[in-house]
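Trainee: One line per chain: the protein sequences are A and B, in this order. Read in our numbering, the first sequence has 65 at position 65, and its numbers run on one by one without any break. Read in our numbering, the second sequence has 65 at position 65, and its numbers run on one by one without any break.
Don't read these hints as lab results, they were simulated from the structure. Among the clues, some could well be false.
[What the hints assert, rightly or not] Straight-line C-alpha distance at most 27 Å; calculated DSSO-like pairs for lysine-lysine: (1) A:Lys75 - A:Lys183; (2) B:Lys126 - B:Lys7; (3) B:Lys7 - B:Lys92; (4) A:Lys320 - B:Lys93; (5) A:Lys75 - B:Lys92; (6) B:Lys149 - A:Lys75; (7) A:Lys320 - A:Lys284; (8) A:Lys74 - B:Lys283; (9) A:Lys320 - B:Lys7; (10) B:Lys92 - A:Lys320; (11) B:Lys126 - B:Lys283.
[To be verified] Some chain A residues near chain B, calculated using beta-carbon distances under 7 Å: (12) Leu34; (13) Ala35; (14) Leu205.
All C-beta atoms, glycine included, are put in the ideal place defined by N, C-alpha and C.
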Amino acid sequence: MEDSSPTPPPSPKDFPMQFHGSASEYFKIWIVNLALTVLTLGIYYPWAMVRTRRYFYANTELDSHRFDYLADPKKMLKGYLLIYTAIILYVLGMNNIISPFIGFIVIMALIALGPFLMAASLRFRHHNTSYRNVRFKFLGRTSDAYAVYWGYALLTYITLGIMFPIFRLKIYEYIFDNSSLGKTPFSYKGEGGPMYTIFLSALGLMIAIAAIFMTPIIVFGIFQSGNVEEGAAATDPMFFLIMGSIYLVYFIGFAFISGFIRAKTLRYNLSVLTLGYEKDVSFKSDLNVWKFVWLNFTNIFATFFSLGLLSAWAKVRATKMVLSSISVVSQQGDLGSHESVNETDQSATGEAAVDAMDFDVGF
Amino acid sequence: MTTINGKYYLAGSSDACPALLSLSQDSGVEITAFEEVLEFREPSFRVEPALGSTPRIIRFHDGSMFETSEFEKFNALEKQLGTTSFTASLIKKLEERWRSAILSVFAVIVFCILFYLYGIPLAASKIAETVPQSMRAKMSEDTMALMQKITILRETNIDDERRAELEEIFFDAISRTNLPKDEGYEYKLTFKDAPAIGKNAFALPSGEIVVTDALVEVCSDDQLRAILLHEIGHVELQHGIRSVIQDTGILIIISLAIGDANGVSSIVSALPALLAESHYSQKFEIESDTFSCKHLQQQGYNPDDLADALQILHTGTPDMPFEDLVSTHPSLKQRLENIKENTLKVSP
Numbered sequence: 001m002e003d004s005s006p007t008p009p010p011s012p013k014d015f016p017m018q019f020h021g022s023a024s025e026y027f028k029i030w031i032v033n034l035a036l037t038v039l040t041l042g043i044y045y046p047w048a049m050v051r052t053r054r055y056f057y058a059n060t061e062l063d064s065h066r067f068d069y070l071a072d073p074k075k076m077l078k079g080y081l082l083i084y085t086a087i088i089l090y091v092l093g094m095n096n097i098i099s100p101f102i103g104f105i106v107i108m109a110l111i112a113l114g115p116f117l118m119a120a121s122l123r124f125r126h127h128n129t130s131y132r133n134v135r136f137k138f139l140g141r142t143s144d145a146y147a148v149y150w151g152y153a154l155l156t157y158i159t160l161g162i163m164f165p166i167f168r169l170k171i172y173e174y175i176f177d178n179s180s181l182g183k184t185p186f187s188y189k190g191e192g193g194p195m196y197t198i199f200l201s202a203l204g205l206m207i208a209i210a211a212i213f214m215t216p217i218i219v220f221g222i223f224q225s226g227n228v229e230e231g232a233a234a235t236d237p238m239f240f241l242i243m244g245s246i247y248l249v250y251f252i253g254f255a256f257i258s259g260f261i262r263a264k265t266l267r268y269n270l271s272v273l274t275l276g277y278e279k280d281v282s283f284k285s286d287l288n289v290w291k292f293v294w295l296n297f298t299n300i301f302a303t304f305f306s307l308g309l310l311s312a313w314a315k316v317r318a319t320k321m322v323l324s325s326i327s328v329v330s331q332q333g334d335l336g337s338h339e340s341v342n343e344t345d346q347s348a349t350g351e352a353a354v355d356a357m358d359f360d361v362g363f
Numbered sequence: 001m002t003t004i005n006g007k008y009y010l011a012g013s014s015d016a017c018p019a020l021l022s023l024s025q026d027s028g029v030e031i032t033a034f035e036e037v038l039e040f041r042e043p044s045f046r047v048e049p050a051l052g053s054t055p056r057i058i059r060f061h062d063g064s065m066f067e068t069s070e071f072e073k074f075n076a077l078e079k080q081l082g083t084t085s086f087t088a089s090l091i092k093k094l095e096e097r098w099r100s101a102i103l104s105v106f107a108v109i110v111f112c113i114l115f116y117l118y119g120i121p122l123a124a125s126k127i128a129e130t131v132p133q134s135m136r137a138k139m140s141e142d143t144m145a146l147m148q149k150i151t152i153l154r155e156t157n158i159d160d161e162r163r164a165e166l167e168e169i170f171f172d173a174i175s176r177t178n179l180p181k182d183e184g185y186e187y188k189l190t191f192k193d194a195p196a197i198g199k200n201a202f203a204l205p206s207g208e209i210v211v212t213d214a215l216v217e218v219c220s221d222d223q224l225r226a227i228l229l230h231e232i233g234h235v236e237l238q239h240g241i242r243s244v245i246q247d248t249g250i251l252i253i254i255s256l257a258i259g260d261a262n263g264v265s266s267i268v269s270a271l272p273a274l275l276a277e278s279h280y281s282q283k284f285e286i287e288s289d290t291f292s293c294k295h296l297q298q299q300g301y302n303p304d305d306l307a308d309a310l311q312i313l314h315t316g317t318p319d320m321p322f323e324d325l326v327s328t329h330p331s332l333k334q335r336l337e338n339i340k341e342n343t344l345k346v347s348p
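All chains, full assembly: derive it from the sequences and hints.
Mentor: In structure tokens form, the structure reads like this:
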């Protein structure tokens, strides 16, 4: 793509992300695939998962090119069967139907293999995500996954949670800094300070919500307990009312805080992420935190009260808001040319062949 | 000859250019791009199955691809190529129509209900049949140890003579049930002083049945026989093991389903598990009542004794809101109605 004629100095240009999915279209795809999954006792799940995920990727547009998800469901079936078996053995063991020792072994194996599965999952997910016919790559080493998911988790535990924002930062660093689009690397320059700001304000919000909602409940509870004779408390309808309110507050708080953290971390992570050797492609999100919190809140309630039926609508709605808030900024005026990594390069890095697993790892 | 406008992406890089796609003479496809004509024949290309209104894609064996949003033209070309598999076009059709979406909602609901009402209980009773007595004994030991932890089970205050009388009633009732002997249950009657659980009796999978002193003190011999037959019903029908397996099944399904949902589920999942477990448990209580009724009549006793005993047990326990939904036992009214029904059935 060399151009010999003299060109004017490039000016930075914004490329907004667009999402073309529609809730009604996705609902039909989702429910049909769910029905097929249920009727085949779960065997169809990898196919359903690939189709529903591909719907989101293929409807995401940047600079008039679409993303795509290329995973082969047949290869994923094995990984899922393994995880199904592990869950079943664990639950059977915990309920004494088979020896609890087997359940214990399974959970220990899952903990021991956790970081390994995480790294394998990221490799698989990236390898099967493409943009402009170029696959993403994940180059993170499994040993680093152990350092992050074990090391920093342990540190968080020892410091009674004080290190939690650093733990999150290291996870993001591990994921983003090891990603590339073909051969073009991403780099992530997140810092501890802003992470602490996000999680401390989330903690502050949590305390505020608890104070605002719990105080009347506690006062009411104390007031009521004076009227109820000893011992009858557990069967009193008042007891149920109070427990119900506490449950509701927990629910509201959860919906509120989870939306807040997701919006804040998305904005921050994108602001410190760049693409290219020269780091000339950067990202930004102008997601309105309170609008997103409200959306998250209404999504959770809609999903709950529709017994899951509105979850398809909720997912499209959230994706639309998040993606349309993102734009990619290029200093060169275009998004550049990216070379694919060919498979011989891949095996030369010493990493094992791409493992066929892709688990949703909540981040 | 139809030509389709789209984009051709080169292999190995992100470079793309506008391109035309058409059928070639030997039933392959032709790409006109970069002022060149490229020809591909099967199996050197693969048409990606259609999905919603996302662009249509053909991938070529060299790693390049063609993408278009001219859906109608592409569909016509696809038909001529004859590359679409039957399942792919069926799934696409199902995904497009509201009728199949609504049908799917019903299919999911009906399947879940059937699985819950018949699938899990059937699987549980099949598995329970394979459990040997040694394992039932082990489970019973664990249960007793757990009971000891959460409530206090003290030595009984009932004198030896009374205990001998009741044991005679107990073994007499068992021997007259004419149940198959090869199941290997080790029947045993245990008396405990347990104020925390009041007037109560419970059965363990091994065949051990525990009655509290409070129960023995308030019930007549005939009523106690009815209660003991109810507990024997729990043993013979393997309710203990079946309920553990059923509850486990529900837990497994909920944990597998959670993997798909987002965030909400952790708080929401406890409720359906609780509802399912109490529903299963209530069904077992009714089954045991029916068992007791049937054998009382066969042995020449009156099922009213069971009804009376239940009424005695029920006095002093307050009604709770939503009790029918979350309790392990059905309401007294339901149980009495069931006894009446079974009394009429056997002796018209």
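Trainee: Look at each hint and say if it fits the structure.
Mentor: So, going through the hints one by one against the coordinates:
1. A:Lys75 - A:Lys183: Answer holds: A:Lys75 to A:Lys183 is near 25 Å, not above 27 Å.
2. B:Lys126 - B:Lys7: Not satisfied, since the Cα-Cα distance of roughly 58 Å exceeds 27 Å.
3. B:Lys7 - B:Lys92: holds (24 Å)
4. A:Lys320 - B:Lys93: Judged against 27 Å, a Cα distance of about 25 Å means the pair holds.
5. A:Lys75 - B:Lys92: It holds: about 22 Å lies between the C-alpha atoms, which stays within 27 Å.
6. B:Lys149 - A:Lys75: The given pair, whose Cα atoms are some 48 Å apart, is violated under the 27 Å limit.
7. A:Lys320 - A:Lys284: Holds, at roughly 16 Å.
8. A:Lys74 - B:Lys283: violated (41 Å)
9. A:Lys320 - B:Lys7: Holds, because 25 Å separates the two Cα atoms, which is no more than 27 Å.
10. B:Lys92 - A:Lys320: holds (24 Å)
11. B:Lys126 - B:Lys283: holds (17 Å)
12. Leu34: This hint holds: A:Leu34 lies near chain B, its Cβ roughly 6 Å from the closest one there, short of 7 Å.
13. Ala35: Holds - the Cβ of A:Ala35 comes within 7 Å of chain B, reaching about 4 Å at its closest.
14. Leu205: Constraint on A:Leu205 not satisfied, violated at 17 Å.
Violated hints, in rising order: 2, 6, 8, 14; the structure is consistent with all others.
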